[in-house]
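Asks: Protein sequences appear in the order of chains A and B.
Residue numbers for the first sequence, in numbering that gives the first Met the number 0: 0 to 432.
Residue numbers for the second sequence, in numbering that gives the first Met the number 0: 0 to 538.
Any given hint might turn out to be false.
Said to hold, decoys possible - Beyond 10 angstroms from chain A on every Cβ pair, some chain B residues (computed): (1) P166; (2) Q217; (3) L396; (4) A436.
What the hints assert, rightly or not - Just the calculated beta-carbon pair ranges, DEER-fashion: (5) A/K309 x B/G41: 30 to 38 angstroms; (6) A/D196 x B/L94: 50 to 58 angstroms; (7) B/L249 x A/V110: 46 to 54 angstroms; (8) B/Q241 x A/K306: 27 to 35 angstroms; (9) B/Q46 x A/G334: 47 to 55 angstroms; (10) A/K306 x B/I160: 55 to 63 angstroms; (11) A/G66 x B/Q352: 49 to 57 angstroms; (12) A/A195 x B/L296: 16 to 24 angstroms; (13) A/K309 x B/Y243: 40 to 48 angstroms; (14) A/A64 x B/I511: 48 to 56 angstroms; (15) B/D237 x A/D307: 35 to 43 angstroms; (16) B/L296 x A/L414: 37 to 45 angstroms; (17) B/R335 x A/E89: 51 to 59 angstroms.
Quick caveat, the hints were computed from the structure, so don't treat them as lab data.
The model shown is predicted, which means the values in this text are computed figures rather than measured ones.
Glycine is no exception: its CB is placed at the ideal position from the N, C-alpha and C atoms.
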Amino acid sequence: MSISKQKLKQLVLGTATGLALSITSIAQASDTIKVGILHSLSGTMAISETTLKDTMLMLIKEQNANGGLLGKQLEPVVVDPASNWPLFAEKARELLSKHKVSAIFGNWTSVSRKSVLPVVEELNGLLFYPVQYEGEESSKNVFYTGAAPNQQAIPAVDYLMNEIGVKRWVLAGTDYVYPRTTNKILEAYLKGKGVADKDIMINYTPFGHSDWQSIVSDIKKFGSTGVKTAVVSTINGDANVPFYKELGNQGISAEDIPVVAFSVGEEELSGIDTKPLVGHLAAWNYFMSVDSEANEEFITAWKSFIKDDKRVTNDPMEAHYIGFNMWVKAVEKAGTTDPEAVQEAIIGVSVPNLTGGLSAMMPNHHVTKPVLIGEIQEDGQFEVVWETSGLVAGDAWSDFLPGSKDIISDWRAPLACGNYNIKTSKCSGQNYE
Amino acid sequence: MTITNQLKTLILLLVLLLAPGTSSFADTSEPKLDQAVELLKGKKFPQKYQAIELLAESASPQSQNILKALLERRLFKLKKTKQLVIAEKQGKTYLIQQAISLEELGEVKKRALKKISVNNKMRSLIRSALASFDLKNPDREKRLAAVKQILDKADLDKATIIRPMLPLEQDEEIIEAMSIIIALSDLSSDDLQLRNDAVTLLSGNIHPSVRNALNQLQQQTDDKALAQSIKQALDSIDAKLQFYAVIENLFFGLSLGSVLVLAAIGLAITFGVMGVINMAHGELIMIGAYTTYVIQLLMPESIGTATLIAIPTAFVVSGLVGIAIERGVIRFLYGRSLETLLATFGISLILQQTVRSIFSPLNRSVETPSWMSGAWEINSALSLTLNRLYIIVFCLLVFAALFFVLKKTALGLQVRAVSQNRAMARAMGVRSEWVDAMTFGLGSGVAGIAGVALSQLTNVGPNLGQSYIIDSFMVVVFGGVGNLWGTLVSGMSLGVANKFLEPWSGAVLAKILVLVFIILFIQKRPKGLFPQKGRAAEG
């Protein structure tokens, strides 16, 4: 009996300690706010997305050093969707239902965003998407901090047309949704400006295309009619290196036929021998070379965080910087991390961007940003040669496509619709096809 | 020799005659120079365009110097004194000179300087300004480049400067280019005879500027006879252009083919001769490319030599990795092709992630040696890019070497013996295991060499191998397993077919069509283009 009594005592004591421990661990858990990071760390997209994961870790670390958020520390939850589109949806679900994260920062390709979209809508999460994309989408649960076509492609074409006097256009892209939609918008825009069919050449190539000989030779012939010609390139990541190499080898310089790219930034250039590229253009909302105090601080912080003095910063990193700070500000404003409250609070929030101005979240879940055109320099940096006079607000639904020009998006109270047709006064589903 | 000497003296005399004129001109244009220097310091590009025009007008040696420095990005502004200086990098500091007087101002740190920014339009303006300076340069190459620049840009205002120079010029190539420029400007003259002569002279000339000018005139002119002769001239130009386009396309095809052959030829040994389905073949190519990167990193001063050294090194490195794979994994799986496929696929993932961990997932920049960049310009319609030309030659050399090894050496004999009849070969005293390892090493080493070549064409990153593995298998299967000639012929013909389809169907469809063709072909002839005959086929 005595033995069993002792055992009982031990048992009770054990349970009590166990309970106490679990209570403290619960208390600890609710002391942090979890932030999901959904970027590929392996596979083809790791090249671009790993940097963004590191950016988020740095921003969270800085926020924690400054006292965290709502008196709590932020806790990053990193998952690896491995460049596998269906896995993105699974991992998003894991972040939202298992880890109960307050917001997700992630995705790069449009197809991965489309795969995550139903999950964040179903579980009512928040997704901050930091990459330039083709538009034609506005979700209640997604905040698009990268550029919409009117914040990148259209101003770039305007620059070429008005400042350089380009009259003949090559629209070259990789064969998937972003280039196809962007080129459709650009084609409609150019035709609206009176460019004839014969002065537009459209070309698509497969992912990772490496043999550019015929295409570059075609571009050379297309551009040798004595009329100023430019290439608008939506060629994706890896295929750019052989493309630019071939341009250099076939003797096409930026003075003859400038190429303006929407997917080539500092990070991509760090893997290329940039000498033959000098003078080619890129359109972004941020360049590492921008001379502003905020930018200088950001670069110093980044280099010391990543412990590599040679690492560069780029546009999607700035988008995360803006998106994260907006989320922090909205949470402070709402006083809670509840997605519903944050969605309401974040509209109209404005935070400093890295180019020396303020960016604001618009009712259509896109942000305002300046548009910069830069020329590639020998050191792999860009030099800004032109910028918009003010900020440009991201437009979810292009005004230049026949199907989407009557559609607006406004997530504020009375309308609360991402796809509202002003002609028929109807709010249809999320995705316009 | 004597003629060139005479020419030199003649030009020297000319320069001397001109010199006092220019210097007195420079004196009067000092304000222009100063004004230009002031404008260059500004931030706005239109002001800078104006500055370049002023410098071009002043035509003094100082302004030529400033323009050159601006083009080469050596022109800076001192942040403190706002002085315009030309700077030369000297280790960590910059040696600076006053831009106009060239007076030495000592050394400064990089932070004290602000580079004068240049954009495309400025570069083009500067080049055209420098071209008119160089027209009088005694160096033949510089004069030729200047004339060509004017012709390429169809800068016909310069014809008035060139006209008096033509009779003095001795070099045939320069005379030809000069007379084309003059003829082009004559096209817009009011004198009918002059215009007709110009059209006759320009007939059959394939320079794009000529074609554009004739096209333009054809649309503008009311004169029927002239329009007729222009049409003839244009027709003869178009016929020539079409001919060159076919040759160019053939070259593109052969070059794509040689890349395919290079990527596949290692596989032709491991898969073709040994029958191992090696999914890690692409990663062996990638290792070769990374070897090039590392060697260039070790020898940053001499990129050309580094690239050459990379060829044998990549062979050894990839070969050793190949032998390790064979000894460690594949030898336990001979005869079980499905397991081999899965195991080597696993190895390929391991190799990719290893490279990602060591070198980061970012692409690495491999430089192209200067003798490999640019193009061999045969005429203005046909120029063959040098890197592609080298790779075609390199591919043929590798093929010949491999062929020699397999047909003429003891190792080759043993390889063939083992692959045809293992038991008999062993009975004859051939160490079949050693031969297996060597054969696999040879195939892998050749894949490494292919990696060196590919590093000059495409991205060097962890995914390099993946993009070539399918093409490699396609080439080997199409050519006939176990046949080196088959690999060569199939690679080249697939390359050419692809390039002739591409302009007509687009790159995406061309690739699909080629694949569909191969599937149908393999249905009809499962053993490929060159099937093995006799006993070897059964083994």
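Asks: A separate judgement is required for each hint: does it hold in the structure or not?
Replies: Cross-check of the supplied hints:
no.	hint	result
1	P166	holds, 29 angstroms
2	Q217	holds, 13 angstroms
3	L396	holds, 21 angstroms
4	A436	holds, 31 angstroms
5	A/K309 x B/G41: 30 to 38 angstroms	holds, 33 angstroms
6	A/D196 x B/L94: 50 to 58 angstroms	holds, 55 angstroms
7	B/L249 x A/V110: 46 to 54 angstroms	violated, 38 angstroms
8	B/Q241 x A/K306: 27 to 35 angstroms	violated, 58 angstroms
9	B/Q46 x A/G334: 47 to 55 angstroms	holds, 53 angstroms
10	A/K306 x B/I160: 55 to 63 angstroms	holds, 58 angstroms
11	A/G66 x B/Q352: 49 to 57 angstroms	violated, 38 angstroms
12	A/A195 x B/L296: 16 to 24 angstroms	violated, 50 angstroms
13	A/K309 x B/Y243: 40 to 48 angstroms	holds, 45 angstroms
14	A/A64 x B/I511: 48 to 56 angstroms	holds, 54 angstroms
15	B/D237 x A/D307: 35 to 43 angstroms	violated, 55 angstroms
16	B/L296 x A/L414: 37 to 45 angstroms	violated, 58 angstroms
17	B/R335 x A/E89: 51 to 59 angstroms	violated, 33 angstroms
Of the numbered hints stated above, those contradicted by the structure are hints 7, 8, 11, 12, 15, 16, 17, listed in ascending order.
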